[in-house]
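> Sequence:
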Amino acid sequence: MTKLIKLAAALTLAAATSACTTETISRAVPLSAPLGATMPSADAVLLAPDFRVTQVNVVVPDTLTVSEDNGIKPRADIVWREDPYGDRYAQVKAVMEAGLTQGAKTLSGQKAVILDVQLVRFHAQTERVRYSNLPSKHEIEFLLTVRDTNTGAVIVPAHMVNATLDALGGNAAIVADRAGITQKSRIDAHLAQVITAELGKPMTL
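The sequence shown finishes on residue 205 if you use UniProt numbering, and the numbering steps up by one all the way, no holes.
Among these hints, one or two may not hold up.
[Claimed, not checked] Below are the DSS-like pairs computed for lysine-lysine, each with C-alpha atoms no more than 30 Å apart in a straight line:
1) K137 <-> K93
2) K137 <-> K111
3) K111 <-> K201
4) K137 <-> K201
5) K105 <-> K201
6) K73 <-> K184
7) K73 <-> K93
[As the list claims (entries may be wrong)] Using C-beta positions, here's what the derived DEER-type ranges look like:
8) L143 <-> R75: 20 to 28 Å
9) A158 <-> G180: 34 to 42 Å
10) L46 <-> G71: 25 to 33 Å
11) N150 <-> A179: 42 to 50 Å
12) L47 <-> N133: 25 to 33 Å
13) N171 <-> L46: 41 to 49 Å
14) D166 <-> Q118: 18 to 26 Å
15) E97 <-> N162: 13 to 21 Å
16) L47 <-> E68: 44 to 52 Å
17) D69 <-> R178: 25 to 33 Å
18) G180 <-> L46: 36 to 44 Å
19) D69 <-> L165: 39 to 47 Å
20) Q110 <-> R178: 40 to 48 Å
21) N150 <-> T196: 16 to 24 Å
Note that these hints are calculated values from the structure, not bench results.
All C-beta atoms, glycine included, are put in the ideal place defined by N, C-alpha and C.
Start from the sequences and build out the full structure, keeping to the hints where you can.
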């Protein structure tokens, strides 16, 4: 009986030690990795970028699916209702270009670069969700590549950027509509902030 008690105590101690070790390792990982990188190696050099954007290229692949269903969350890559019914690919491309260009204009660095953006997901609200009290988000994701304006060489390889933001719904949406605060204006402002922050992340050499 004494041996069993000692064995149980030893196992408990080992488990506790293991948990502490795991937590310590997890906390040692940086919360935000450098631009275009995963985890820098021990001898990696971090460099603050100094970009000036000369061009923003946005591509919306025609392989992305579009839904006009007025459900809660249609299964599609593109859901956009604020513009009249029409070419949703062209409409979301215009929204992306406006927001990203707005943010890019605030950068005045020495290195002239081109931004290549490929849309992966642009899932805004349906009418049903917009004017309900259901929680919702504008889910926006894209691949970003940064190239040298003069040579075309890739400076930052293609990587995923998540630009998702909380959407307004119910009474908040109605108040916003009356104040002229559209989904488009909120998304554009958010995209501007996202791209500015993304291009300001340290680069690994």
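> With reference to the structure, classify each hint as holding or not holding.
A quick look at each hint next to the structure:
no., hint, result
1, K137 <-> K93, "holds, 19 Å"
2, K137 <-> K111, "violated, 35 Å"
3, K111 <-> K201, "holds, 15 Å"
4, K137 <-> K201, "holds, 25 Å"
5, K105 <-> K201, "holds, 17 Å"
6, K73 <-> K184, "holds, 19 Å"
7, K73 <-> K93, "holds, 21 Å"
8, L143 <-> R75: 20 to 28 Å, "holds, 21 Å"
9, A158 <-> G180: 34 to 42 Å, "holds, 36 Å"
10, L46 <-> G71: 25 to 33 Å, "violated, 45 Å"
11, N150 <-> A179: 42 to 50 Å, "holds, 44 Å"
12, L47 <-> N133: 25 to 33 Å, "violated, 47 Å"
13, N171 <-> L46: 41 to 49 Å, "holds, 46 Å"
14, D166 <-> Q118: 18 to 26 Å, "holds, 24 Å"
15, E97 <-> N162: 13 to 21 Å, "holds, 19 Å"
16, L47 <-> E68: 44 to 52 Å, "holds, 46 Å"
17, D69 <-> R178: 25 to 33 Å, "holds, 27 Å"
18, G180 <-> L46: 36 to 44 Å, "holds, 42 Å"
19, D69 <-> L165: 39 to 47 Å, "violated, 22 Å"
20, Q110 <-> R178: 40 to 48 Å, "holds, 45 Å"
21, N150 <-> T196: 16 to 24 Å, "holds, 23 Å"
The structure shown violates the earlier hints numbered 2, 10, 12 and 19.
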